[in-house]
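S.K.: Quick note, the sequences are listed as chains A and B, same order.
So that you can map any letter, position 271 of the first sequence is 271 in our numbering, and since no number is skipped, the others follow by simple counting.
So that you can map any letter, position 25 of the second sequence is 25 in our numbering, and since no number is skipped, the others follow by simple counting.
Please keep in mind that the hints were generated in silico from the structure rather than gathered at the bench.
Everything numeric in this text was worked out from a predicted model, so none of it was measured.
Glycine residues also receive a C-beta, built at the ideal position from the N, C-alpha and C atoms.
Hints may contain errors.
[As the list claims (entries may be wrong)] Chain A side only, calculated, beta carbon under 10 Å to chain B, not exhaustive:
(1) Gln-184
(2) Asp-207
(3) Arg-299
(4) Val-301
(5) Arg-328
(6) Glu-335
(7) Leu-337
(8) Thr-350
[To be verified] Label pairs and their in silico Cβ distance ranges:
(9) Lys-126(A) x Lys-277(B): 54 to 60 Å
(10) Ser-149(A) x Asp-20(B): 21 to 27 Å
(11) Ala-164(B) x Asp-265(A): 45 to 51 Å
(12) Glu-360(A) x Ala-52(B): 52 to 58 Å
(13) Tyr-38(A) x Lys-118(B): 53 to 59 Å
(14) Ser-137(B) x Glu-360(A): 31 to 37 Å
(15) Gln-344(B) x Ala-99(A): 32 to 38 Å
(16) Asp-283(B) x Ser-149(A): 26 to 32 Å
(17) Lys-117(A) x Phe-231(B): 44 to 50 Å
(18) Lys-126(A) x Leu-342(B): 20 to 26 Å
(19) Lys-181(A) x Asp-20(B): 41 to 47 Å
(20) Asp-265(A) x Glu-298(B): 40 to 46 Å
(21) Lys-181(A) x Gln-344(B): 53 to 59 Å
(22) Ser-137(B) x Gly-77(A): 42 to 48 Å
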Amino acid sequence: MAQLILKNVYKRYDGQKKKMFKKKKKKENDFAVKDVSYECQDGEFIGILGPSGCGKSTTLRMVAGLEKITAGEIYIGDVLINDLQPKDRNIGLAFEDYALYPPLSIYENLAFNMRAKKKKEDEIKKAIEYVAPLMKIDDLLDMKPSALSGGQKQRVNIARAIVRRPGLLLLDEPLSHLDGKMRQQLRQEIKRMHHEIKCTTIIVTHDQMEAMSLADRIVIMKEGEIQQIGTPLEVYDDPANEFVAGFIGEPPMNLMPSVIEKQGDKYMFTFEGSELQVEVPKRYNKVVKDKMKVTLGVRPVDVLIAEEEVSSTPVPVAVYENLGDERRISVRVGEMLLSMTTPEDVYYETGQNVQLVFHEERTHLFDPETGGRIKV
Amino acid sequence: MAQIELENITKQFGDVKALDNVSLTVRDNEFFVLFGPAGAGKTTLLKTIAGAEFPEKGLVKIGGNIVNHVESKDRNVSMVFENYALYPNLSVYDNIASPMRSKLYKKDEDYIKTAVDKVTKMMKINHLLERKPSQLSNGQRQRVALGRCLVRTPNVFLMDEPLAHLDAKLRHFMRGELKEMQTSINSTTIYVTHDYMEAMSLADRIGVLNHGEIVQTGTAQEMYYTPCNEFVARLFGEPEINILEGKKYAREDSVYVKVLDQDVLLYPSEDTIQVLKETDTDDIHIGMRGNDIKFAFEKPGDEWLEGTIYANEPIGNKVIMTVLIGDTKLAVTCPNDTVAELDQKVYVKFNMMNAIYFNGETQKFIIRNNMSRYMAEKREG
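Pulled out of the complex, with its shape left as it was, chain B reads as follows:
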């Protein structure tokens, strides 16, 4: 039970800055997800909190106390790694009991039994207590590893990609399991992942890392609907968000953006006009997600744009169609049974409802369509 504060953390490995002036506050009892591409510095940040790495600059505070010089074992943190690191010669019961039997936390066996019973019931592994790790499935092993972490009541739980090496199918189920038992975790948790669905599903708040810097912190909804720049917008959602390059034309009481080689005019919603007008560049990028583009094989009307099919790929429960218009490729989300020939004609139409505007020079977020409506909904939600 503790708030974690990081102040201006810098960590260098040789010439490489793994963490570059990172400041971050994780609230007491919060489930905080560190998210970013490989090499962004996620694990290094986690290790800094655990006390496995020591920063060159900056302060690490747990529960208000500076812990820079406190050894790992005295920080009262509990960590789960990607590989479960279970003791192969011990039963599930003994594996889970092991941290409480260590010299540091030495508890009596009655206490241990109560604690193990509680956590194994919660993890639904109480029927496996006698088994050895080798007799368990991957998913069960993962639950044992988590159970061993949860059996203590540390200040902080640190989880480093605990689902990463399960196969895709199992990962889906385990994510649900983890989410379900989240309510019974009564400690601040920091969870590292590179899977955007895990991040969105589990997090109270997400911190996006890139090149050792925090790019944005916020809720999953904020990341998806109001990303602070194009990099963040691209990280969330499948297929990746389409970014259309355009030019802004301001008129007396309106503004429009020409995209796709100046051929297509897009009209921003009322509430964005003023902000877009005041933006000091004409170089505007519009972010448009695949499910906001409609498609048809017969031209339904004049306002529909003609393109050709560059690719048509089923990815499980939907088809991602890549539509080529001029030199621009657009990813369009289609129903699972969409069958199409490559290079055949297709017509698309943009639904501007969720359009996000970025500054074309800086790639930074300007505003999104229906911002006010979205903000109102957010308050209610």
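Extracted from the complex, chain A is given alone in its bound form:
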């Protein structure tokens, strides 16, 4: 059990520096990880989420001790671990690849590290008997890795990481090898395992659904920098910027370039190449002005079709899709489609005019230059 603290951590790869200068790239770009700070509470489950190349794995590898830290400090508990060997950090690690020892049985695979540390056999047995049911591998202990499916191998891999009861468990894309069903099952098991042993855990993933369903808090990264830290609900409801808004949620948020137009005492969203105009939620009245350019962000579930007369321009339905669990209706706005989804069993003819309303509280505005959120 341990708390993990990162203080202004930077990482620059040596080769990278030269290459970057050659290309005369901007100087701030030459860090793989830039000024990353966060605190992970004892027993907390943290997800580091971002697209490939955002520095999420590098961050994890610095915590594990597999990469040198260029600048900054990392603490586990109150111990500064910058110069500590990986083996002395009391960390359990599981990667995307399982790397099990093929000639050894599953039991021996799990026992291997503890035997290396000269633990007593009965102690080892007790430890394995505790973790095997947690990862649902108690029936597999006598088998060889080659007899196992990918999902089972990953279960063993994770069990091996926790069998020594590390202070900190690090998981790097443990599910990305697996296909749909298996992935979903193992996701549930990992969450339940954490609920049981309450070990401080960090998972690195590029899959927002995985981060949302596993983590207590999510650290969202882009180009080496943290964009937002928050609970799944916070990053979904209250995204810090356009990047987070677009990255979290499926189907994705509608993000449309818009120009605000003042009409009488109302402000309207207008869109290039489209007649569509929708009223700006009143709470933004203080921060918007006539001719202001914004990026409008609204999730498909928060776009509604008005049942009574509203101020927005009627527009024809471009696409109606019945997806069984939900219906999706899209209208054409210039080059883009603006989509809404509803679980209600409704039907709209293509070409039929509808009037749109945006959910008052859950319509977001972003600065089109910086991507930053325009708050009230």
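Given chain A's structure and the hints, the job is docking chain B onto it.
M.R.: Chain B alone, transformed into the frame defined by chain A:
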């Protein structure tokens, strides 16, 4: 413009039967989706129609003509693959014009210009004509590849997972784009996918394939509301449909099914009673979708069942809660802001409105609740 008929197609790769006696008719001008899990034989079937694979047995007919021995290029089909296969050294214009410049279809440049203009306007890529593929986004490349396919007027369009390798976000938008321009495709189209939402959204009709066999053909609504067996029921919808194992008890004028370790009685709707009674097995499975199960954290009434939360997972715009009752796990669709602790108590109630009954021995569809109402609605719709 052609009807496609497949009669008893069998295709073998070594010992593996990739297609097993497949018969299928795709109507003229229909948008037909081949849907199924990986390895089901979808792509092999598509290639058989394209003339890239030749079946050991059976007939392939396009527009009434047997084409088994007609070479691919003479079948007048146009195919889009998952990887777009654009010529990197050619501009968007030249890429789209390329099939019309080939020896086979040689057209004059005026004709080509008109055709390219038309299709690029439709695909909304007419501002990109001078660019090279490397200067395009993935979504734009996909549109160029589709445009190149659509610029000809072949008998048949064949599309093999054209959206599969876009990321999830882009796929959502591209599906809409594709659906929108569907009305301007005036040819029979066969579209392969393993994404149920693509299948439901785009298809006039869907053919579900598994292990090289056609399991069911029908509209998206038929697949979702009246799947022919549990396999098909599981393929459509997120979360996967819950299948409750139960025992049937027939009484004089009623019938009920005991599920969840014989603890819970479920009463079928009036119009299903007779059919269920006549079913020659007592082994009944009930299919119940996640959005037909209500949940509450405080027990609202005696008829609610108690369970514990096994998992509670936000998946985008909804939360899938897995509720454990005895040994049975039920997937329940919840609003996006549902927060819950693992292992906490939860109460659920079934809405029988959309319950689907399967024969427990064969996993085949028997009947669904409110079948008559559903059929009436379907006729109107």
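S.K.: Evaluate each hint against the coordinates.
M.R.: Each hint, compared with the structure:
Hint on Gln-184(A) holds. Least Cβ distance to chain B is approximately 8 Å, under the 10 Å limit. Because the smallest distance between the Cβ of Asp-207(A) and any Cβ of chain B comes to about 9 Å, under 10 Å, the interface hint for this residue holds. Hint on Arg-299(A) holds. Least Cβ distance to chain B is approximately 7 Å, under the 10 Å limit. About 5 Å separates the beta-carbon of Val-301(A) from the nearest beta-carbon of chain B, less than 10 Å, and the hint is met.
A cut of 10 Å between beta carbons decides the hint on Arg-328(A): the least distance to chain B is about 8 Å, and the hint holds. A distance limit of 10 Å between C-beta atoms decides the matter here; for Glu-335(A) the minimum to chain B is near 6 Å, and the interface restraint holds. Nearest Cβ of chain B to the Cβ of Leu-337(A): about 5 Å, under the 10 Å cut. The hint holds. Taken as an interface hint, Thr-350(A) checks out: its beta carbon lies about 8 Å from the nearest beta carbon of chain B, inside 10 Å.
Between Lys-126(A) and Lys-277(B), the C-beta spacing of about 56 Å keeps the proposed range 54 to 60 Å intact. The beta-carbon spacing between Ser-149(A) and Asp-20(B), approximately 26 Å, falls within the hinted interval of 21 to 27 Å. The supplied range of 45 to 51 Å is met by Ala-164(B) and Asp-265(A), whose beta-carbon atoms lie about 49 Å from each other. The hinted range of 52 to 58 Å is satisfied by Glu-360(A) and Ala-52(B), whose Cβ atoms lie roughly 54 Å apart.
Checked against the hint of 53 to 59 Å, the C-beta distance between Tyr-38(A) and Lys-118(B) comes to roughly 54 Å, which is consistent with it. Between Ser-137(B) and Glu-360(A) the beta carbon distance is about 33 Å. The supplied range of 31 to 37 Å therefore holds. Against the hinted window of 32 to 38 Å, the Cβ-Cβ separation of Gln-344(B) and Ala-99(A) comes to about 37 Å, which satisfies the hint. In this structure the supplied range 26 to 32 Å holds for Asp-283(B) paired with Ser-149(A), their Cβ-Cβ distance being about 29 Å.
For the hinted restraint 44 to 50 Å between Lys-117(A) and Phe-231(B), the CB-CB distance of approximately 49 Å keeps it satisfied. A hinted range of 20 to 26 Å holds for the C-beta pair Lys-126(A) and Leu-342(B), which are about 25 Å apart. The hinted window of 41 to 47 Å between Lys-181(A) and Asp-20(B) is violated, with their beta carbons roughly 24 Å apart. Taken as a hint, the range 40 to 46 Å holds for the pair Asp-265(A) and Glu-298(B), whose Cβ atoms sit roughly 45 Å apart.
Range check, Lys-181(A) to Gln-344(B): Cβ separation about 26 Å, and the 53 to 59 Å hint is violated. Distance hint check: the CB atoms of Ser-137(B) and Gly-77(A) are about 46 Å apart, consistent with the given range 42 to 48 Å.
Checked against the numbered hints above, the structure breaks hints 19, 21 and satisfies the rest.
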